[in-house]
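Trainee: Sequence:
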Amino acid sequence: MEAQLAAKEVSLPPEPSSDDENAVNLLVKMPDGSRRGRRFLRSDKLQILVDR
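Heads up, the sequence shown is in my numbering, so the first residue is 23 and it goes up one at a time.
Everything labelled a hint here was simulated from the structure, so no lab data went into it. Note that the coordinates shown come from a computational prediction; the quantities given were computed from them, not determined experimentally. Glycine included, each C-beta is placed from N, C-alpha and C at the ideal position. Among these hints, one or two may not hold up.
[Said to hold, decoys possible] Derived CB-CB ranges, DEER-like:
| no. | residue 1 | residue 2 | range |
| --- | --- | --- | --- |
| 1 | E43 | M23 | 12 to 20 Å |
| 2 | A29 | D54 | 28 to 36 Å |
| 3 | A28 | L49 | 28 to 36 Å |
| 4 | A25 | R64 | 15 to 23 Å |
[Claimed, not checked] With a straight-line cut-off of 30 Å between C-alpha atoms, the simulated DSSO-like cross-links for lysine-lysine are:
| no. | residue 1 | residue 2 |
| --- | --- | --- |
| 5 | K30 | K51 |
| 6 | K67 | K51 |
| 7 | K67 | K30 |
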């Protein structure tokens, strides 16, 4: 599972800086209880997470 997540993470668009006012934080709780978070631009489509 970790290898799959790492491969998908590499294919995502660049993460915006923390001070970018057009950035949003997305936090996902995994089945094992861990959490994965990342910043995206407001203009990014959620479809990029499904496609990767």
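Trainee: Tell me if the straight-line CA distance from K67 to K30 falls inside 30 Å.
Mentor: 15 Å, holds
Trainee: Verify the proposed pairing of K67 with K51, using a straight-line Cα cut of 30 Å.
Mentor: Within the cut-off at roughly 20 Å; holds.
Trainee: Would you mind confirming whether the straight-line C-alpha gap from K30 to K51 stays at or under 30 Å?
Mentor: Within the cut-off at roughly 17 Å; holds.
Trainee: Range hint 12 to 20 Å: satisfied by the CB atoms of E43 and M23?
Mentor: Violated - the Cβ-Cβ distance for E43 and M23, about 34 Å, lies outside 12 to 20 Å.
Trainee: A range of 28 to 36 Å was offered for this pair. Does it hold for the Cβ distance of A28 and L49?
Mentor: 18 Å, violated
Trainee: Could you see if the CB distance from A29 to D54 stays within 28 to 36 Å?
Mentor: This hint is violated: roughly 18 Å between Cβ atoms.
Trainee: How does the Cβ-Cβ distance of A25 and R64 compare with 15 to 23 Å: does it lie in that range?
Mentor: Violated: the Cβ-Cβ distance is about 30 Å, outside 15 to 23 Å.
Hints 1, 2, 3, 4 from the list above are not met by this structure, while the remaining hints are.
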